[in-house]
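Asker: Listed below, chain by chain, are the residues.
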Amino acid sequence: MSTAAPHPPVPGAPSPATAPPAAAPHAATSLAPTAGSLWRRSRGFLAAALVLVLGGLLYAGLRAETRYPPLDPRSTAPDGARALARLLERQGVAVDTAPGPGRALDSGRPTTVLLTRAHTLTAAQLRELGSTVHAGGGRVVLVAPDPAELSALAPGTRPAGGGDADGGGAGDAPDGAAAVRSASTEPGCTLPEARRAGSAELGGLLYLPGGRADACYPRGGAFPLVRSLQGAGDTVVVGSGRFLTNDRLDDDGDAALALGLLGAHRRLVWYLPDDGRAPAAGGGTSPAALVPAGWRWGAVQAAVAAVLAALWRARRLGPVVTEELPVVVRASETTEGRARLYRRAKARDRAADALRHAARTRLAAVLGVPGGPGPEPVALTAAVAARLTGGPAPAGPAPGAGPADGPRSGGRAPSEVHALLYGAAPADDAALLRLADDLDTLERQVRQP
Amino acid sequence: MALTGRTALLALAGVLVVGLLLPSAAGVGLVCGAVLAGVAADLLLAAPVRSLRLTRSGDTSVRLGESAHVTLTVENTGRRRLRARIRDAWPPSSWTPGSEQAASRHRVDVPAGERRRVTTVLHPTRRGDRPAHRVTVRSTGPLGLAARQGSHTVPWTVRVLPPFSSRRHLPSRLSRLRELDGRTSLLTRGQGTEFDSLREYAPGDDVRSIDWRASARRSAVAVRTWRPERDRRVLVVLDTGRTSAGRVGDAPRLDAAMDAALLLAALATRAGDRVDLLAHDRRARASVQGRPAAEVLPSFVNAMAVLEPTLVETDMRALVSAVLRRAPQRSLVVLLTTLDAAPAEQGLLTVLPRLTGRHEVLVASVADPRTEEMAAARGTVEAVYGAASAERTRAARRQTAERLGRHGVTVVDAPPEELPPALADAYLALKAAGRL
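In order, the protein sequences belong to chains A and B. Each residue of the first sequence is one higher than the one before, counting from 1 in the working numbering. Each residue of the second sequence is one higher than the one before, counting from 1001 in the working numbering.
It is worth saying that the hints were derived from the structure and are not from the lab. Any given hint might turn out to be false.
Unchecked claim - If you want the footprint, here are the derived chain B segments under chain A, 3+ residues with CB under 8 Å:
id, stretch
1, 1320–1328
2, 1364–1373
3, 1382–1389
Glycine is no exception: its CB is placed at the ideal position from the N, C-alpha and C atoms.
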């Protein structure tokens, strides 16, 4: 009778449907779920949710390693620099990671600042950073800088033109800059760190030194390492960070060179820009930035209100009621179907036959010609013709009363009547239409002569 | 549980608080917390739905086209006041389309320990039983922020009876019956009529009706008076097979047949005949037998209320067997079926002799006015082809009727509106002719 889900008996918790009337008379009609039925209904979903959460946690635990960008001091990947950071710490160098240049600036002691991705800072920021570090006698190490960065931190040093791209390290070569593959190279200069390290794996972008500068590891007239003195401090430009990576640190004199370059001071600031954050420039402002900060929280509250409104509208007052309806077809379906078949088959003969047959039957009934549905052609034709000529209607087959050459007062000749009632099938649809109209006219005339 | 629009509005008003006073996550949290606290308080303080006691009373049957009033009594047995919206859900055809929303929803305010009545007015659009679905109650808390919602099943069934719209033909047919009965005018001696009484001869009486033996015993000339037979049996058989499902106008053929059967039953009961009903397709669907005169019409109406056409071919052999079992004595069997050529030729005509051998048979069929309409249509090619097709259908029906007539069967074929009076007239004619 009802489509409500029945409550099967619950052990321990009497459901409304099965409770004896004396025990809970008021609940006899209620469909509200009991705690037991709720538990039984929802335990499947709860189990599924639990499996989903556990599975997610397990998956996350198995794939716990985070992907770091190249030359990150936390990364243990081949292109990371965790080994170098640990080595520096063991040497007594305090390695700080900083997302921005601020931390490097507030320190009074000489500091080494490593910029592996200097392009994330604006030129003004670079210039400010350089002047602060250099004033304190510190060092800035740039990995594969472009001309703009060079002019900000190492004026005088300039990139060499022409060459091949470097496959390894963090060197992404700007257009038009000379670049070579990293390879073991002799220092060939007087820079103490380079001389102590001996040959090292250097390459990448190549630079040409300016005034007060040491250029080392020559590769065809240009240099992948250039140290220029800037104020009280200096700037070291390297063409590629490949010799700093976990992968290459134990080759050649890479480790000695890296420790020498980065461990010159007691403190190293490793600049790590946030990947998602664009350089904090004063350029374009998004529409969201124009909204006062408070109204952003207002929008959050409005979203909460929208969710509540959706919940309000979504709750139905009871389920949709369904009903089985009897199948009902139109009784005239077959008749109409046959009409369409006649039309499609152009069955003019059958259609004309049906119309004529019906007309003959009605005329015979009106004129009293016996024979039922199939009156004799001669008798019927004669009777019709007689009626149309205004003469006394013959009671029965009386062909003599309406001869073919009788007076025609608005009537028709028997031959015409015969052709109409028994004639050939019409040749086209227009003829069929005419036939139907003619039969109607004939019937009308016979009924009201 | 359910929220109200007020909750959403309150949260929206919170936008001002957050935007102007507390533009932070804490502000959002504070406003949401306040809304949640209100919702929780409402849910706690709303009257419980489960402990409501719901009972019904009111109409259990209604004629199609009229309204049924079903009263729902809501008794609040709890200690808190109940402010609720109630939906008394019934199947969709219990209301005219579009009015169900307004008709099924009620608002009640029941103080603790009291009861209130709400009346649901049903206006069914279809014959048959309408079982109440369920009663859903949304009990709102005092703040109007949230509501407890729950459902109860409160069983009740309203039976929607056939409309019997042909009742209006009954008075005229009853007066015809009284004429037959000899109560309004003297009846001449006919075949098959029953002897009623003797009375004194009056000029104008048929001399053939003078009872000479009785006249000899008394001093005056006595004539016999006659009255139509009484206590004859009429068995109305409804064919509920697939042909009865055909829609003629707005209703299936079966409904028109029922209307005609009801008028016939009302008339025959007044005429002193005993009327039985059988609805049959492949098996008997409904049966009314041996009811006293006063109960015939109600039990007919009741039995017909739940009949629906089934989409199977009627088993005429089984139907005739059922008729013969039910009517051992000579009866008038009124068969409400179709004259469509194919089913009639394969079914009815093959088994008819078994029936006509023992009973007087009347076959009534619902004609489709659409066929007449199509037959009269002219002017376009489609209309003329339609007319030809309709003429063919009519010819086939006429032919079936003639074949049935050759078996001594009376045939009534009329459109739905005219079938009940036509069938009643045919019955009266048979009665007058003494063929029952």
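Asker: Do three or more residues from the stretch 1320–1328 of chain B put their C-beta atoms closer than 8 Å to C-beta atoms of chain A?
Answerer: With 0 residues in contact (Cβ-Cβ under 8 Å with chain A), the coverage given for the stretch 1320–1328 of chain B is violated.
Asker: Go check the stretch 1382–1389 of chain B versus chain A for me, would you? Three or more residues, Cβ under 8 Å, otherwise it fails.
Answerer: As far as the stretch 1382–1389 of chain B goes, the hint holds, because 7 residues have Cβ atoms under 8 Å from chain A.
Asker: Holds or violated: the stretch 1364–1373 of chain B covered by chain A, criterion of 3 or more residues with Cβ-Cβ distance under 8 Å?
Answerer: holds (count 4)
Checked against the numbered hints above, the structure breaks only hint 1 and satisfies the rest.
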